[in-house]
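Trainee: Here's the letter readout for the chains.
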Amino acid sequence: MLRQSFHELALATRGRGLYDFTREVEEWIAKNNFKAGLVTLHLRHTSASLLIQENADPDVRTDLERFFARLVPDGDGLFVHTCEGDDDMPAHVRTALTTVNLSLPLRGGELALGTWQGIYLWEHRRAPHARTVALHFIGE
Amino acid sequence: MLRQSFHELALATRGRGLYDFTREVEEWIAKNNFKAGLVTLHLRHTSASLLIQENADPDVRTDLERFFARLVPDGDGLFVHTCEGDDDMPAHVRTALTTVNLSLPLRGGELALGTWQGIYLWEHRRAPHARTVALHFIGE
Amino acid sequence: MLRQSFHELALATRGRGLYDFTREVEEWIAKNNFKAGLVTLHLRHTSASLLIQENADPDVRTDLERFFARLVPDGDGLFVHTCEGDDDMPAHVRTALTTVNLSLPLRGGELALGTWQGIYLWEHRRAPHARTVALHFIGE
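Chains as they are written, first to last, in numbering that gives the first Met the number 0: chain E, 0 to 139; chain D, 0 to 139; chain G, 0 to 139.
Keep in mind that the hints are not guaranteed to be accurate.
[Unchecked claim] Partial list, derived from the structure: chain D residues whose beta carbon lies under 7 Å from chain E:
(1) Met0
(2) Arg2
(3) Leu37
(4) Ala55
(5) Ala111
(6) Leu134
[As the list claims (entries may be wrong)] With a cut-off of at most 30 Å between alpha-carbon atoms, the simulated BS3-like pairs for lysine-lysine come out as follows:
(7) G/Lys30 / E/Lys34
(8) D/Lys30 / E/Lys30
(9) E/Lys34 / D/Lys34
(10) G/Lys30 / D/Lys30
If you are wondering where the hints come from, they were derived from the structure by calculation, not from laboratory data. Since we're looking at a predicted model, the values are computed, not measured. Think of the CB as a built atom: it goes at the ideal place given N, C-alpha and C, for glycine as much as any other residue.
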């Protein structure tokens, strides 16, 4: 018998960088005893992203951050929208270059993540922020 | 009782830029009295994108456009595929850098969009185009 | 009556480039007689992407590859994570700039792909790899 369920995850960021929240998603799944279905995540912001990336060597996250800092530099003279700070428009561009939605099959109570995949919130602003992710499950 | 529903949205663009069509999606939801579930959008083209971005200051859209115009310039000598115009291959690259799929939870008849999030069709070609978005709903 | 189904697709890549696997997905749909619903694809890797792109002129794939090779060059001195080869960190960045999830409505037994859209696995590593895509269907 198929059913669905909703949840909202609150995540506090401490400045720019990648925050692994795979465990928070897995805890929600385990607590509700979801076994098989589809898990959807939607980040309710326009200056941070959701990303599935390598969870082994932390240098990968450092390099992702360095690459995006070079590609979309803070304070770029190209930008008109500067009223919220010189990292605000770069944060919108970084979000456009990545995504705010993820969809993951769930089977045998386990997300279909690969061995080295983790689910990250990528904070693009330099200041700490309160972020929320809307979660949806449909399945058994 | 879970059910599903399909729709195809026709959107006419008037050249390159971001077109907010949040209201068209919300009208489809309201008309069908969808209350809780998952809404999926798929854009059926390879030279335009779907994007969730800030719907407040229009300068954000201007700057997104300016950034992508600099990153993927029209008429770049790198490109071999030029038979459909000097903005065609850049449009494919912009589409690859963004996305053509979105997935949004719906709860209490409301999409899980954040306060400042709108749903945009990003037209990457300079000429007007007729675009279609396939919509899917599953839920109650 | 709604039902769901799972599958895992094994795809062997022969080095960097775009591999069309639309037919493999369609064969799974036909074999199981899925008629209407939502198809989700999740790539279980962090150095390759899923991409919906033009399936007509092969020059489009060549140019996508050329653009990404210029944007994220192998052996870039910016990167710290080099232990797995000079194409490894660029592969992670390319994956972050694209996506590993796709969601497609299915109606009348046909995916909601546009006329020119194909489903691609984009291999970002130079060496051959064994890749797996988790498939999920919910519908009728």
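Trainee: Next, verify each hint and record whether it holds.
Mentor: To see whether the hints hold, each was checked on the structure:
{"no.": "1", "hint": "Met0", "result": "violated (10 Å)"}
{"no.": "2", "hint": "Arg2", "result": "violated (11 Å)"}
{"no.": "3", "hint": "Leu37", "result": "holds (5 Å)"}
{"no.": "4", "hint": "Ala55", "result": "violated (9 Å)"}
{"no.": "5", "hint": "Ala111", "result": "holds (4 Å)"}
{"no.": "6", "hint": "Leu134", "result": "violated (15 Å)"}
{"no.": "7", "hint": "G/Lys30 / E/Lys34", "result": "holds (25 Å)"}
{"no.": "8", "hint": "D/Lys30 / E/Lys30", "result": "violated (35 Å)"}
{"no.": "9", "hint": "E/Lys34 / D/Lys34", "result": "holds (24 Å)"}
{"no.": "10", "hint": "G/Lys30 / D/Lys30", "result": "violated (35 Å)"}
In this structure, the earlier hints numbered 1, 2, 4, 6, 8 and 10 are contradicted, and the remaining ones agree with it.
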